[in-house]
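Input sequences plus hints: build the corresponding full structure.
Order-wise, the sequence lines are chains A and B.
Residues in the first sequence are numbered consecutively from 1, following UniProt numbering.
Residues in the second sequence are numbered consecutively from 1, following UniProt numbering.
Check before you lean on any hint, since a few could be wrong.
[Stated by the list, open to error] Using C-beta positions, here's what the derived DEER-type ranges look like: (1) B:L273 x A:I112: 39 to 49 Å; (2) B:Q336 x A:E330: 34 to 44 Å; (3) B:R136 x A:H121: 34 to 44 Å; (4) B:N235 x A:N126: 46 to 56 Å; (5) B:R344 x A:G65: 23 to 33 Å; (6) B:M236 x A:G325: 23 to 33 Å; (7) B:M286 x A:D235: 57 to 67 Å; (8) A:R378 x B:M236: 15 to 25 Å; (9) A:R115 x B:S317: 47 to 57 Å; (10) A:A274 x B:L190: 53 to 63 Å; (11) A:R28 x B:Y206: 53 to 63 Å.
Derived from the structure by calculation, the hints contain no laboratory data.
Virtual Cβ for every residue (Gly too), placed ideally from N, Cα, C.
Each chain is listed here by its residues.
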Amino acid sequence: MSAIAEREIILKLEDVSKVYSGTVAVKRANFEVRKGAVNVLVGENGAGKSTLMKIIAGVERPTAGRILLEGEEVSFSSSGDAVNRGIGMVFQELNLFGNMSVAENIFATREITNRFGKIDHAQQENRAAEFLERLQAGIRPDMLVEDLRIGQQQLVEIAKAVSLDARILIMDEPTSALSAAEVEILFKVIADLKARGVAIVYISHRLEELIRIGDYITVLRDGRITGQEEMKNVDTQWIVRQMIGSDAKDFAKADGHLPGEEIFRAEEICLPRATGGLAVDHVSLSLRAGEILGIYGLMGAGRSELFDCIMGRHGHSTGDIFIGGRKVKERDTTRRIRRGLALIPEDRQREGLVSILSVASNLTLASLSRFARLFHIRGADERQAVTQVVRELAIRVADPAQEVSSLSGGNQQKVVIGKALLTGPKVLLMDEPSRGIDVGAKADVFRTMRKLSRDGLGILFATSDLDEVMALSDRIAVMSNGKLTGMFDRTEATEAALVAASALGHGPAPHTESTAHA
Amino acid sequence: MPDIPAKAAAPSASSGSVLLTVMKLRTFIALIAVLIFFSIAAPNFLSTANLILMSKHVALNAFLAMGMTFVIITGGIDLSVGSIVGLCGMVAGYLVLNGIDLQIGYTIYFNVFEIALITLAVGILIGAVNGLLITRLNVAPFIATLGVLYVARGLALLSSDGRTFPNLVGKPELGTTGFGFLGAGRLLGLPVAIWILIVVALGAAYLAKYTPLGRHIFAVGGNERASRISGVRVNMVKMFVYMFSGFCAAIVGLIISSELMASHPATGESFELNAIAAAVLGGTSMSGGRGTIGGTIVGAFVIGILSDGLVMMGVSSFWQMVIKGLVIIVAVVVDQAQRRLQQRVTLMQMAKAG
Chain A
1 MSAIAEREII LKLEDVSKVY SGTVAVKRAN FEVRKGAVNV LVGENGAGKS
51 TLMKIIAGVE RPTAGRILLE GEEVSFSSSG DAVNRGIGMV FQELNLFGNM
101 SVAENIFATR EITNRFGKID HAQQENRAAE FLERLQAGIR PDMLVEDLRI
151 GQQQLVEIAK AVSLDARILI MDEPTSALSA AEVEILFKVI ADLKARGVAI
201 VYISHRLEEL IRIGDYITVL RDGRITGQEE MKNVDTQWIV RQMIGSDAKD
251 FAKADGHLPG EEIFRAEEIC LPRATGGLAV DHVSLSLRAG EILGIYGLMG
301 AGRSELFDCI MGRHGHSTGD IFIGGRKVKE RDTTRRIRRG LALIPEDRQR
351 EGLVSILSVA SNLTLASLSR FARLFHIRGA DERQAVTQVV RELAIRVADP
401 AQEVSSLSGG NQQKVVIGKA LLTGPKVLLM DEPSRGIDVG AKADVFRTMR
451 KLSRDGLGIL FATSDLDEVM ALSDRIAVMS NGKLTGMFDR TEATEAALVA
501 ASALGHGPAP HTESTAHA
Chain B
1 MPDIPAKAAA PSASSGSVLL TVMKLRTFIA LIAVLIFFSI AAPNFLSTAN
51 LILMSKHVAL NAFLAMGMTF VIITGGIDLS VGSIVGLCGM VAGYLVLNGI
101 DLQIGYTIYF NVFEIALITL AVGILIGAVN GLLITRLNVA PFIATLGVLY
151 VARGLALLSS DGRTFPNLVG KPELGTTGFG FLGAGRLLGL PVAIWILIVV
201 ALGAAYLAKY TPLGRHIFAV GGNERASRIS GVRVNMVKMF VYMFSGFCAA
251 IVGLIISSEL MASHPATGES FELNAIAAAV LGGTSMSGGR GTIGGTIVGA
301 FVIGILSDGL VMMGVSSFWQ MVIKGLVIIV AVVVDQAQRR LQQRVTLMQM
351 AKAG
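See the structure below:
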């Protein structure tokens, strides 16, 4: 890795900006990608990394600026265009077809056909097997993608990108769901690609990983590039400084109130996985009134599934929950909400909001019985409650009768929170409450969490953001592979300890042939 | 109506919102248009006798369309209503003529009021079967109600071996007289069927707007997962809409056999298609979450008046079908154009507000 300096630039972004309705995601970015090297891109959540990569991969078109590929200005109208020019991308969100086999996924849209246009499945599976071989994940090309673990799916996504024979390969958080062993394999593949002159753009949150494999580093903050260096010249502190800048995140200070009695307890919660094994593996935890318990873990660690079990969304889950010391016998969501549980789901669009209804209807959806006398909704009471929530949570909306889909992400999230609060919960479950919302809204959400805990609510919140979990929690639980692998007090938790606990139990991929073949 | 989409290209915000209002009222405008057109084109169209006759025709479709509207708002479809109409008519006819034989030498005869209640219960029960298939056994609504369509029609045919139950006047000594009141009776100069329609329509509109159940119907159609997480009893909501649809179909079955004083097992064939057409014409979105009872009633009137008016003008029934189809397609195209325009106007308002 010595002769980096003379590596030539294959792709260059000049003054590229991207504006979405309302927000500027990338501001006048200048970014260079070098051949035969790992070009690392870091930044906090929402800094604009993914947007920048989507521009390079032709998924998004820049609002302003130029893209130069080998010195020649290019403009991609689709990701297909970019693929044709040799740019491949491993997306953070998996872009796989669960109902198709691994081989079909790898060759989707460029199927290998014979002379008559019939797909040559045998050929596809052979070729796919070659790529999978290099990833040593025990994935067979004829397996259905939906039967694979998230980590394995991520490997398929990587195999798909590698199979493109791309000159530039973008990897957006490729390791977020991988076990330590799988990460090692991926690094070997990357080294191999690098030796063949492929330019790799690598995005990750894990600094230790970046320092290990990166050759060049670029740091993004709030859509601007704040630093660009050779990796050998920088250290962790430099990266953090460029990432966070002078102004630290606004987490709203703890006010030092003491948590009260135990308000919620979960005992031995288990949830079987469709492909065998347990998605939630004998998890027990307890929460006190006024306490914020953060649950840290990687993607697929079972945090959301745990919340789903607590809310009674899976009929086949086992284990008991207690609220205020009394066992909750009700097994359905409706009655658990009445007992004082409320969930703010991770996926706002799919699970949080009814997007074609108004802001007001969404807010009161879970608590309509409060406003009804017999079967008649009392409009005045409902309007009053809506106005109050809109004010308390600082939801920016001109008229609550507006469709909720017209709001910004942050305000939509506040609507979901408002809906949960109107049910009068004792225990609030928040799954990635700050995902995909802007800095201001984040601060509002954190402030609201603090205020609620002061009012005596118990809050369980799941996140994969280390800073967030460290700053907000009174106690931190760590989940990995469905199990609770650590429980720390705020005073004794360190980032290193959390990261270590979140990687526990990630062995090599378990073999799940039986289900795939059935 | 067909010239509205062309104007949708108008860019300015103010003309946009005027256009939007026009488009929102499109079914109503269409109703007035067909009324004006036929009152000029067809003599006697506006006579009281004809108007009452037409509204009786419309009422039948309007009942089914209301039930259908709720079902479609939840994201489902009910293809079985036509067969339920037929089966319920047969149930009523059978009870008037034969009563229920208890197999021990006694036969129970019911009075007309009881017969109506039993018939309605049968309609609701078949709706419940639809609901159970969809919620408990996870059968897609299209398939579940298609199956029930055949089963109910088959049962209707079996009940009389394919024959008509004629002459449902009943016998005074058995207390089964008076069945004709529903179909032929009048109150304050209006047919009884119209009064029932008014009551059911007002009830349904109230339910949609002012009750938690109504709100839940819309929520389930808008986003079933989110509704579930918000504690909406999705299965109960779905059960209700199919049962309500069955109830509406039973009313229609009663009215038709009462009007004819006879029950024919093939009654109601393809009624479900007219009901869907009326709901869609009235602005109900097939993808769920959107629709109003008022819109559906107006939609039923447009379809009913269109077909009756064309008959009076002597247009061939083949052309009537073509015209009806075109009207439905245009309605949906305008609906889509309105959605897009609405989004644009909202964005512009947001931009203005900063």
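Note to self: Of all the hints numbered above, which does this structure not satisfy? Sort the numbers upward.
What the structure shows: none
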